[in-house]
Amino acid sequence: KAGVTQTPRYLIKTRGQQVTLSCSPISGHRSVSWYQQTPGQGLQFLFEYFSETQRNKGNFPGRFSGRQFSNSRSEMNVSTLELGDSALYLCASKLSIAGVMGELFFGEGSRLTVL
Amino acid sequence: DQQVKQNSPSLSVQEGRISILNCDYTNSMFDYFLWYKKYPAEGPTFLISISSIKDKNEDGRFTVFLNKSAKHLSLHIVPSQPGDSAVYFCAASTAGGTSYGKLTFGQGTILTVHP
Numbered sequence: 001k002a003g004v005t006q007t008p009r010y011l012i013k014t015r016g017q018q019v020t021l022s023c024s025p026i027s028g029h030r031s032v033s034w035y036q037q038t039p040g041q042g043l044q045f046l047f048e049y050f051s052e053t054q055r056n057k058g059n060f061p062g063r064f065s066g067r068q069f070s071n072s073r074s075e076m077n078v079s080t081l082e083l084g085d086s087a088l089y090l091c092a093s094k095l096s097i098a099g100v101m102g103e104l105f106f107g108e109g110s111r112l113t114v115l
Numbered sequence: 116d117q118q119v120k121q122n123s124p125s126l127s128v129q130e131g132r133i134s135i136l137n138c139d140y141t142n143s144m145f146d147y148f149l150w151y152k153k154y155p156a157e158g159p160t161f162l163i164s165i166s167s168i169k170d171k172n173e174d175g176r177f178t179v180f181l182n183k184s185a186k187h188l189s190l191h192i193v194p195s196q197p198g199d200s201a202v203y204f205c206a207a208s209t210a211g212g213t214s215y216g217k218l219t220f221g222q223g224t225i226l227t228v229h230p
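So the protein sequences, as listed, match chains V and C.
For the first sequence, the numbering used here begins at 1 and goes up steadily by one.
For the second sequence, the numbering used here begins at 116 and goes up steadily by one.
Heads up, a few of these hints could be off.
[Claimed, not checked] Straight-line alpha carbon distances no greater than 30 Å define the calculated DSBU-like cross-link-like pairs of lysine-lysine that follow:
hint	chain 1	residue 1	chain 2	residue 2
1	C	K186	C	K171
2	C	K169	V	K57
3	V	K57	C	K186
4	C	K153	C	K120
5	C	K152	C	K169
6	V	K13	C	K183
7	V	K57	V	K13
8	C	K169	C	K120
9	C	K186	C	K153
10	C	K120	C	K183
11	C	K186	V	K13
12	C	K153	V	K57
13	V	K57	C	K120
14	C	K152	C	K183
15	C	K152	C	K120
16	C	K169	C	K153
17	C	K171	C	K120
18	C	K183	C	K169
19	C	K152	C	K186
20	V	K13	C	K171
21	C	K169	C	K186
[As the list claims (entries may be wrong)] Negatives, chain C to chain V, calculated, CB over 12 Å:
hint	residue
22	L126
23	G131
24	R132
25	T141
26	S143
27	E157
28	R176
29	N182
30	K183
31	S184
32	T227
33	H229
Just so you know, these hints were derived from the structure itself, not from any lab.
Here a beta-carbon is modelled for each residue, glycine too, at the ideal position from N, C-alpha and C.
Build out the structure end to end from the sequences listed, making use of the hints.
In structure tokens form, the structure reads like this:
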């Protein structure tokens with residue numbers, strides 16, 4: 001079955017602009033999480049959505065937001081972009097939110113460069 | 116506050132030998148641990164996991180050991196193969212409560228297996 005799909009794969013923005021990234025989870029997966037990967041900080045948790053509700057949030061400023069649609073697809077938005085927002089943004093999906101902790105399945109990521 | 120640490124940025128081993136990747140954590144609430152492998156331009160892929168009720172989990176060439184008293188886990192790859200060359204991330208979670216899809220990752224260790 002198809003994996004986690006993220007679009008766009010690469011994008012370049014300038015400071016002050018805003019960006020929206022999209023994620024389609026594996027079919028049947030209802031939990032979607034977002035992570036930011038930078039060389040200095042590694043992978044850091046942004047937030048998680050389940051049933052269109054944000055269930056958990058990492059330590060990022062309010063410029064970072066997200067949402068989930070009824071078909072489990074998710075988007076994340078970063079407003080007023082800063083140079084430090086340049087990173088690989090990874091989306092991950094999980095079958096369910098409860099029960100035994102299973103592994104997350106990651107997409108290939110969206111590489112954002114802020115100039 | 117780095118709750119999960121991989122103190123070795125890189126590791127180089129010969130094909131056929133054992134690779135040992137280490138990970139330390141500080142949060143005693145973590146009770147589920149995972150290893151992910153990441154190739155360039157790809158998202159992380161799940162490798163192996165271990166619950167805190169166990170001290171060892173094995174899957175083919177991969178074995179994860181957990182020492183709860185030392186808050187330390189390690190990944191053993193035997194025998195190592197050139198295709199194992201990748202970045203390896205250690206991750207931790209609290210399986211219950213509200214952690215859901217939130218993983219805390221280490222900084223990663225670059226493994227290079229030489230033919």
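Hints, one by one, checked against the model:
no. : hint            : in the structure
1   : C:K186 - C:K171 : holds, 14 Å
2   : C:K169 - V:K57  : holds, 29 Å
3   : V:K57 - C:K186  : holds, 25 Å
4   : C:K153 - C:K120 : holds, 17 Å
5   : C:K152 - C:K169 : holds, 22 Å
6   : V:K13 - C:K183  : violated, 45 Å
7   : V:K57 - V:K13   : holds, 25 Å
8   : C:K169 - C:K120 : holds, 21 Å
9   : C:K186 - C:K153 : holds, 24 Å
10  : C:K120 - C:K183 : holds, 15 Å
11  : C:K186 - V:K13  : violated, 41 Å
12  : C:K153 - V:K57  : holds, 24 Å
13  : V:K57 - C:K120  : holds, 21 Å
14  : C:K152 - C:K183 : holds, 23 Å
15  : C:K152 - C:K120 : holds, 16 Å
16  : C:K169 - C:K153 : holds, 25 Å
17  : C:K171 - C:K120 : holds, 20 Å
18  : C:K183 - C:K169 : holds, 9 Å
19  : C:K152 - C:K186 : holds, 21 Å
20  : V:K13 - C:K171  : violated, 46 Å
21  : C:K169 - C:K186 : holds, 13 Å
22  : L126            : holds, 16 Å
23  : G131            : holds, 28 Å
24  : R132            : holds, 27 Å
25  : T141            : holds, 15 Å
26  : S143            : holds, 17 Å
27  : E157            : violated, 6 Å
28  : R176            : holds, 18 Å
29  : N182            : holds, 20 Å
30  : K183            : holds, 17 Å
31  : S184            : holds, 22 Å
32  : T227            : holds, 18 Å
33  : H229            : holds, 24 Å
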